[in-house]
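*Asks:* The primary structure of each chain is shown beneath.
Protein chains: 2
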Amino acid sequence: MALIVQKYGGTSVGNMERIKNVAKRVAAAHNAGNNIVVVLSAMSGETNKLVGFTNEASEFPISREYDMVISTGEQVTIGLLALVLREMGLKAKSFLGSQVPIITDSQFGSARIESIDGTRLLEELNSGGIAVVAGFQGVDPNGNITTLGRGGSDTTAVALAAALKADLCEIYTDVEGVYTTDPNICQDARKLDKVSYDEMLEMASLGAKVLQTRSVEFAKKYEVPVMVRSSFNDAQGTLVCKEDTEMEKVVVSGITYNKGEAKISVLRVPDRPGIAAKLFRPLTEAGINVDMIVQNISHDAHTDLTFTVTNTDFKRAFKIVQDISGEIGAKDIVGDTNIAKISIVGAGMRSHAGVASKMFDVLSGEGINIQMISTSEIKISCVVDVKYTELAVRVLHEAFGLGKQEVTEEMV
Amino acid sequence: MALIVQKYGGTSVGNMERIKNVAKRVAAAHNAGNNIVVVLSAMSGETNKLVGFTNEASEFPISREYDMVISTGEQVTIGLLALVLREMGLKAKSFLGSQVPIITDSQFGSARIESIDGTRLLEELNSGGIAVVAGFQGVDPNGNITTLGRGGSDTTAVALAAALKADLCEIYTDVEGVYTTDPNICQDARKLDKVSYDEMLEMASLGAKVLQTRSVEFAKKYEVPVMVRSSFNDAQGTLVCKEDTEMEKVVVSGITYNKGEAKISVLRVPDRPGIAAKLFRPLTEAGINVDMIVQNISHDAHTDLTFTVTNTDFKRAFKIVQDISGEIGAKDIVGDTNIAKISIVGAGMRSHAGVASKMFDVLSGEGINIQMISTSEIKISCVVDVKYTELAVRVLHEAFGLGKQEVTEEMV
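Just so you know, the protein sequences line up as chains A and B, in that order. Mind the numbering: the first sequence is residues 1 to 412 in the numbering used here, read in order. Mind the numbering: the second sequence is residues 1 to 412 in the numbering used here, read in order.
No wet-lab data here; the hints were simulated from the structure. Incorrect hints may appear among the rest.
In the PhoX-like style, the derived pairs of lysine-lysine whose C-alpha atoms are separated by at most 25 Å in a straight line are [said to hold, decoys possible]:
1. A/K194 / A/K165
2. B/K194 / B/K249
3. B/K221 / B/K259
4. B/K242 / B/K209
5. B/K358 / A/K24
6. B/K20 / B/K91
7. A/K49 / B/K242
8. B/K249 / B/K191
9. B/K209 / B/K220
10. B/K259 / A/K20
11. A/K49 / B/K20
12. B/K358 / B/K387
13. B/K259 / B/K387
14. A/K315 / A/K278
15. A/K49 / B/K24
Start from the sequences, fold in the hints, and give me the full structure.
*Replies:* Have a look at this one:
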């Protein structure tokens with residue numbers, strides 16, 4: 001008998017028929033003798049509709065009132081699932097974030113979970129019931145409804161699993177798991193059986209939209225095993241868990257890409273202390289997240305500085321940099337939105353040399369020019385012209401032997 | 001400076017444009033120096049959609065989970081109105097039933113308000129803010145969301161007005177006020193300037209759909225003056241208030257009709273004590289509301305008993321009566337769904353004789369047969385064949401001088 005937190009996303013509860021399908025899965029897991037806590041998203045499209053209303057209502061809607069509006073979608077689905085489960089003869093009860101309670105800070109629209117009291121949920125489980133909890137929402141210490149930001153239901157599920165010391169957190173979605181790369185681009189993409197928290201974090205933040213980054217951080221911190229799987233079939237999913245020795249043998253686990261960024265180059269700035277700080281402080285103050293930063297060695301006491309921001313922040317960031325270009329003595333500012341970031345991720349990289357050079361070789365072999373490079377312990381990212389995205393992903397996927405055949409160490 | 005509770009119904013907040021229109025009215029009342037509490041319904045059609053979902057989810061959906069689902073519509077509109085008001089530079093804050101709090105019993109789907117703590121709302125008003133409260137919902141002592149039944153937002157508004165000792169409760173709707181009869185049937189129908197609580201109660205329960213009956217009971221109990229008016233123009237509405245001497249001069253205030261009932265006759269039952277109890281107890285136990293009951297004098301120690309129930313309860317009621325017909329010794333059971341109840345209502349009836357006989361004369365003058373008669377202090381109702389509904393309403397409206405000309409006592 002295990003305690004399992006099951007989270008179902010928007011497409012999995014997109015209409016009544018699908019909610020009934022979810023109820024069958026929940027009932028099966030419950031009837032197999034497990035204690036089940038279900039976390040639901042809103043019906044797909046519903047939250048977008050509500051956000052659309054708030055945009056009509058206000059130019060800058062993010063506020064206490066925004067969360068009041070957009071938190072209703074989950075309230076609908078949890079009530080409906082509880083009704084269906086009861087109709088099936090099971091004991092089920094729905095819980096809002098405020099009823100659990102899931103306490104957050106007061107950062108409306110992107111609140112962070114501060115604490116969860118699992119008492120009421122455990123009471124429900126101990127009395128033989130199924131607890132159905134609204135994802136994406138919490139309550140601040142003053143009783144105001146808060147939301148956790150897009151994809152926040154994943155975080156709700158993992159945080160509940162941590163608070164309840166669950167044996168497993170299952171994330172049901174519309175894909176069968178985490179793949180070696182995007183199956184839409186590379187038909188040879190293979191589903192991974194296991195991936196480490198760190199690999200998943202790199203994949204999530206690099207654009208693989210399976211799990212919200214914050215939920216993976218939570219899972220890592222509290223060592224919650226997370227299974228990503230499809231709500232539409234019974235295929236085995238991907239387990240996101242602590243790194244084990246088996247994982248280290250696999251040098252590269254996946255290839256990801258991100259077309260959502262743009263590049264800004266500050267040309268020929270004097271190479272002296274304080275320039276980078278002067279450049280990035282106003283961006284930070286404007287709430288603009290800078291991703292990659294590359295600075296080359298200097299020539300004639302001048303250097304070029306290039307960084308990337310999300311496409312949505314590009315215009316604002318470009319203007320800010322232009323405004324301070326005189327102050328920092330830059331010769332020119334150049335922007336480019338036609339870029340893509342291609343990354344290879346793998347826990348085994350730590351102990352394997354030659355991964356980076358192989359990546360560069362493969363890309364240059366296809367005539368793909370690398371504009372920027374950035375590395376971490378378990379990841380290497382290259383910025384290339386966006387038109388090469390699909391080609392780059394495919395050739396790297398093949399070169400690192402990630403296709404449907406067996407992967408061996410020798411392939412590196 | 002007055003404290004005013006304004007309630008806007010579903011059609012008044014049916015889309016963003018209309019919500020902005022409501023915001024303008026609220027702002028005008030606020031800027032005129034009044035303290036404003038706004039109570040909102042869900043967007044028109046929204047609650048029906050949610051109820052539809054619950055019917056798909058469960059055969060008998062009414063439960064804690066049902067209220068969880070159908071209470072979300074008001075949460076959306078209050079958040080949106082607060083956003084619009086803030087966008088206009090006003091201080092506004094939305095409140096759920098649980099945040100006020102509005103404490104109810106645990107009768108899900110048709111909960112009754114037990115108490116309202118006005119402290120938080122008054123704080124908001126005293127700090128110059130506008131409080132926007134979700135209608136239709138409350139919270140039970142265990143923190144479960146409850147709803148007050150269809151039209152419950154009227155009750156929320158009146159109850160809040162009572163709790164806050166408001167000077168006025170304005171009910172904004174899609175009609176301009178309370179009419180002498182249905183303007184769709186009788187083009188001569190005239191809007192009333194004033195109507196007493198008791199008259200309004202008779203009109204509400206008899207089918208005039210302007211105000212929920214329970215809200216009028218609340219208004220009467222706490223003597224809350226209620227103004228019914230249109231949210232689409234600035235026309236003077238109808239004030240529902242305590243009876244005054246002026247009102248008593250008007251013998252008949254309005255003509256109402258109700259096509260929503262059916263008649264069941266139990267023929268030739270032995271006229272002995274206990275028969276009526278035996279007949280009506282099982283109906284009460286089945287939750288069936290019996291409206292009119294008529295029993296004539298007996299012949300040969302037998303009598304006929306006729307009563308009406310709502311059309312929706314008719315089949316169930318008929319079956320129950322059939323099942324016990326043997327036990328009570330009835331000769332036959334006859335049902336008829338083709339009936340309408342036509343009523344004349346007026347506080348002045350108390351002190352005026354001859355109103356009933358005039359009603360009967362007028363109907364018989366048109367060849368309309370009266371099937372049942374029932375009277376109260378300020379109302380006379382006749383059941384007639386449904387096909388005569390419009391004719392009966394028109395001739396009574398004219399006979400009692402309710403048209404657009406001046407009404408005088410002499411007309412009775």
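*Asks:* Please go over all the hints and tell whether each is borne out by the structure.
*Replies:* A quick look at each hint next to the structure:
With a CA separation close to 21 Å, the supplied pair A/K194 and A/K165 stays within the 25 Å bound. Between B/K194 and B/K249 the alpha-carbon distance is near 13 Å, which keeps this suggested pair within the 25 Å criterion. Using a Cα cut-off of 25 Å, the hinted pair B/K221 and B/K259 is violated, with the two alpha carbons roughly 29 Å apart. Taken as a hint, the B/K242 and B/K209 pair is honoured in the structure, with Cα atoms around 20 Å apart against an allowance of 25 Å.
In summary, the hint linking B/K358 to A/K24 is not supported, as the alpha carbons are separated by about 65 Å, beyond the 25 Å threshold. Pair hint B/K20 plus B/K91 holds up; C-alpha atoms about 15 Å apart against a cutoff of 25 Å. For the given pair, A/K49 sits about 45 Å from B/K242 by alpha-carbon distance, which is inconsistent with the 25 Å threshold. Proximity of B/K249 to B/K191 is assessed by CA-CA distance (about 17 Å); at most 25 Å being required, the pair is judged to hold.
Between B/K209 and B/K220 the CA atoms are separated by roughly 18 Å; this keeps the pair inside 25 Å, and the hint holds. Annotation: proposed proximity of B/K259 to A/K20 is violated, straight-line Cα distance about 38 Å (limit 25 Å). Among the hinted pairs, A/K49 with B/K20 is consistent with the structure: their alpha-carbon atoms are about 18 Å apart, no more than 25 Å. Distance hint between B/K358 and B/K387 is fulfilled; the C-alpha atoms sit about 21 Å from each other, no more than 25 Å.
Between B/K259 and B/K387 the CA atoms are separated by roughly 10 Å; this keeps the pair inside 25 Å, and the hint holds. For the given pair, A/K315 sits about 19 Å from A/K278 by alpha-carbon distance, which is consistent with the 25 Å threshold. Distance hint between A/K49 and B/K24 is fulfilled; the C-alpha atoms sit about 24 Å from each other, no more than 25 Å.
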